[in-house]
Each structure stands twice: as structure tokens, then as C-alpha cells.
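Colleague: Residue-level listing of the chains:
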Amino acid sequence: MNTASPLRKTIMYILLFIGVIFSIGPFYWMIVGATNPSGEVFNIPPNFLPGTHGWENLMNLNENVGIVRVMFNSLFITLTFTALSLVICSGAGYAFAKFKFKGRNAIFFMLLVAIMIPYHVTLIPLFQIFGNLGWLNEYQSVILPQLAYPFAIFLMRQNMQALPDSLLEASRVDGAGEFHIFFRVVLPVMRPALAAVAIFLFMFQWNNFIWPLVVLQSGDMYTLPVALSSLIGMSRIDYGQVMMGTTLSTLPIMIFFLLLQKQFISGILGGSVKE
Amino acid sequence: MSQSNANATSSVETSTSPNPQPKKERRKWITPRTAPYIFIAPAVLLFLIFTVYPVISSFLLSFQEGKAGNFSFVWFDNYIRLFQDKLFYKALGNTFIILLIQVPIQLFLAVIIATALNSKLIKMKSFFRIAYFMPAITALVAASIIFMILLDENYGLVNYLLSLIGVEPVGWLTDPFWSKVSLMLVITWRWTGYNMVIFLAGLQNIPASLYEAAEMDGASKLRQFFYITIPQLKPIFLFTFVLSTIGTLQLFDEPYILTDGGPNNATLTVTLYLYQNGFQYFDFGYASAIAYVLVLIIGVLSWLQMKVAGEDK
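Protein chains in written order, with this note's numbering: chain A, 173 to 447; chain B, 18 to 330.
Simulated from the structure, these hints should not be mistaken for laboratory data. None of these values were measured; they are calculated from a predicted model. For every residue, glycine included, the Cβ atom is placed at its ideal position computed from N, Cα and C. Hints may contain errors.
Simulated crosslink set (DSS-like; lysine-lysine; CA at most 30 angstroms straight-line) [as the list claims (entries may be wrong)]:
id, chain 1, residue 1, chain 2, residue 2
1, B, K238, B, K251
2, A, K181, B, K103
3, B, K140, A, K434
4, B, K251, B, K103
5, A, K181, B, K107
6, B, K251, A, K434
Here are some, though not all, of the chain B residues that point toward chain A, as calculated from beta-carbon distances under 7 angstroms [to be verified]:
id, residue
7, L63
8, L65
9, P71
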């Protein structure tokens, strides 16, 4: 009963490999397109091997949407957002997990409700706020709205709860100030959780689309997803460039993922499955 | 206790004094009592400005009309208009069709793959896990663009491969029926691996003794799957179902890129309609009303799902 027949095993492997072709095939196709001459994306029979025109496509893409600037925008926005949000959310998570204070439960409940509320509800008022401030088309209007990311606060709280109270008490007895305890004692211990949440925040902002689409108005301020969407809105789409653009938006995060997949997955699971 | 009270009072004095002394004084107002408020203040402040205020403001806007700065209250006019708007019903209908067809397919696929990868028979588990999870890290915009090219009616790779086995070209993005299918295809591609990982984590929490006992009773693998695996995964099913429901109701990037809601509004979703009204026609009041109907739907569904979950426990 327990010994599987070789046939069943083979069928399982075949099905799993077909699944793999579906899930990573499109990426391979994207890289093939990015490295072949623009006109050849729709060749019949199609190209199945990477070509040598990657540089040319990249240059065309840079001429068209200023990809160097766009990459800088995306990186700058994402890194600033991740760093700030990490400090803000871990501070809040720490307060929720390790202190008893008036209003704690009420504020936490509000946060849980906020996770449910679709982000889209805030789009128009946010657009008005930043319009009134004269900040449409500015980096800070992309960075600010989601800094207090409810889900990240929630995750930090979950992780901080495992922190032993005795550790904090011992530091206090030693005369350490509260900030010192937070930055020098708590955060170093929490490094794995911080890494997971950082990856989560990074990915959210790197891939974020609807809000940058609304608030960024000129090509030199676009982030990668917005620049990509502007490319396919053109009357004549240059597919080599487009594929190069999607490759540039996907490849960094893919490499990142392959190096750090454990933290990646724990960041995305977010302790949600711990029973 | 009395000492921390003294500290709390002195904190008021210190913080109002214009020139706080370094170190010595600072230690007085950051006490274990005030610390939580200091740690939480930035998050709460940002949250009030960028979430709470907009949520309220958007609610008020939904009762107003005005396109260029001059707003006046029209009370329920936006909502009345919404309930007579055929296009809104179409968007709502599309969203629910996707919800009812795609979410079950995706969760079913995810649980099957997770079970296979959890089996002792399979080697190279981490390779498969990485491969299946890969789509979940891609930008939705990039994924949608790749599929837009793959699914091109005349020149796309998918139709070419189909032509090799004698299938006529399919209007993946130009036919109302197939464009919905395409949209679901892209969503399935993107999210199955994500849910698979969640199920995998859930499967690893099922005690092995349950399977050993069933094995001894001579239960087949299929029976074990339906009588042990599925019931044990119930909380995970609920969790992924809630996540997928909320995600589907907010679907925007894929239909915006893939078809821009077309053809003939077959792939128009609620959030895409919201975006069009808000940022293409600049009808902020009407768009806010759409947003609030969405909030209401998500609220009701979440409440229902929690109720179902609550009754089980």
C-alpha cells in the first residue's frame, strides 16, 4: 500500500514539471524577447533562444522612457519607503507587544479594520491632499501614504510577542534608556523578523502601481510599473523595449528572491498559519 | 508606581520647556510609562492623516458633486445614480464571476500542488517550491504585459502553439468571453504558488499520527486526502479564501493593462470603474460612492466569513 508504483511516481513528476513550465515559462519568454531584435517577438516560427540584442533594446528603452532615471526613481522611492516604514512599524509593533497602555486595544482594533479597508477608498482624498500641498509628481507623495503599513505593524507585533520580558527588565535595571533598549537590544534580536518584513515592504512598493499612476504625472518621475504601462499605451508598441522593461522590473527582485527565499516566504506568510 | 507617576508629571514640564537638557533630562521623560506612546506616535499620526482622514473625507465626498474644486452636497444622488448605472452592475457582475470561478480553481490547484510537494515520494521539493512561487513576486504590471504579448490574437505564442495542434486562433483579448478567461488565467498564474506556500505550511502542521492511524486502517491515499487533509486544512482554506476574496474585489492592475476593461466592458472591474470615474472623468463624488459600495461589500463578506468561522469553533 505504502510503496508507490514507479508509474504513479512518474506521472506525478510529469505533472509537476508541466506546472513548472507554466509558472516559469513566461519569464523565459520575457528574457528571450528582451534579448532579440524588436521586430522578432512575433516571428513565426518564434525564437526560443535568447539573442544578442539586449543592449540595443536597453538603449532604445532609455531613449524612450529614460529607463536609467526611472530605475533610480523606483529604487529611491522603494528603499526610502522600506527604511522609514520599517522603523515606524517596528516601533509601533514593539509598543503593542510589550507595553500596556491606555488605548492600546482600541488603536490595535482600528489597525485590524484598516487591513480590511480597500486602499482605493483613500485614493481621491489623498490625491486632493497632495494636490493642495502642491506635491503631485513628487517623491514624497508616493512614499508617505502607506508608511504606517497596518499589516507590517501587525507582523512586527506578532514577532515581538516572543521577546522575553526579562530581557527588557534586565536592561532597565542596568539603567538603559527606552530608546537604547529598542535600538540596541530589541531590534538586533528581531533581525530575522525585520528582514522578512523589510522584504515584504520592499516588494509592495517596488510593485505598487495604482497610487504612483495617479500621483506621478511626468515621465521623469515615473516608477517602473508606471513607465511600463505608459509604453504599452503608445500607438506603435516596440516589443523588444517592452520586454526589456519588464525584465528590468522583474530580474532584481527575482535574484533577491533566489538569495533570500526563506525570509521572502516567511515575510509573505506573516505567521498567519501558525496554529 | 509613585516614582513613575512623578516621572510622568515631570515629563509634561520637560517637554514644554523649550530647551531640554541632553541625557540627564531626557531620561526623565522617556520612561517605561511614556515610551509606548512615543514608539507608537509616528505610526498613529501617519495613520490618522493618510488613512483615517481620507476614509472619512471619501465618505463625505460620496454625498457631493462637483468636478473642479466647487463641491456641493447632493446627498444620495451619487448612490441613486449608481444603482441605475448599467455599467456599474456590469463591473460588479464581472468581479463576482471572477470571484466565483477563479478563486475556487486557484485554491483547489494550490492545495493539490501543496499536497504533492508534501509527499515523501517527491524529491527536489525546494526547486518546485521556488518555481511555483516565482510568479508571486513579479509586479502585476509586468506579468500582465507579458501575458498581453503571449495572448496576442494574431501573433502571440499561445495561438501559435495551439495552431500546431490544429486549433483556430482564439481572440484571447478581443472576445468578451475569452478576455474574461484570459484575465482569470493571469490571476491564477500569479497567485496559485502564493496560496500553495500557505497550504504547504498548513500541511506541515497536521500531525503525522493521523495518517499513520489511517494507514493502519487501510485507508487509501485518496480517502486520506478527503477525510484528513481537507478537514485539517479548514482554517487555512478560510484564511486563503478571505485573502483571495478581498484581492479579487480590488482587482485593478491586470484588467487595466491587459484589456483596459474591454472588449465591450467584459473585463471591467469595480476598481477599474472607480479609477475611470475618478481620474479620467474627475468625477470625485461618483467615484467615492463606488468606493463606499466596495467597502460595504467587503465589510459584509468579511463579516459573513468571520461568522462562518466563528460557528465552527
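Colleague: Look at each hint and say if it fits the structure.
Modeller: Outcome of the hint check:
1. With a C-alpha separation of about 19 angstroms, the suggested pair B/K238 and B/K251 falls inside the 30 angstroms cut-off, and the hint holds.
2. Among the hinted pairs, A/K181 with B/K103 is inconsistent with the structure: their alpha-carbon atoms are about 52 angstroms apart, more than 30 angstroms.
3. Between B/K140 and A/K434, the direct Cα distance comes to roughly 19 angstroms. Compliance with the 30 angstroms bound is thereby established for this hinted pair.
4. For the hint pairing B/K251 with B/K103, the CA-to-CA distance comes to about 38 angstroms; that exceeds 30 angstroms, so the pair is violated.
5. Taking the CA atoms of A/K181 and B/K107, the gap is about 46 angstroms. The hint is violated against a cut of 30 angstroms.
6. Taking the CA atoms of B/K251 and A/K434, the gap is near 25 angstroms; set against the 30 angstroms cutoff, the hint holds.
7. For B/L63, the interface hint holds, since its Cβ comes within 7 angstroms of a Cβ in chain A; the closest pair sits about 4 angstroms apart.
8. The closest approach between the C-beta of B/L65 and any C-beta of chain A is roughly 9 angstroms, which is over the 7 angstroms cut-off, so the hint fails.
9. Hint status for B/P71: holds, given a least beta-carbon distance of 4 angstroms to chain A, under 7 angstroms.
Comparing the model with each earlier hint shows violations of hints 2, 4, 5, 8; every other hint is respected.
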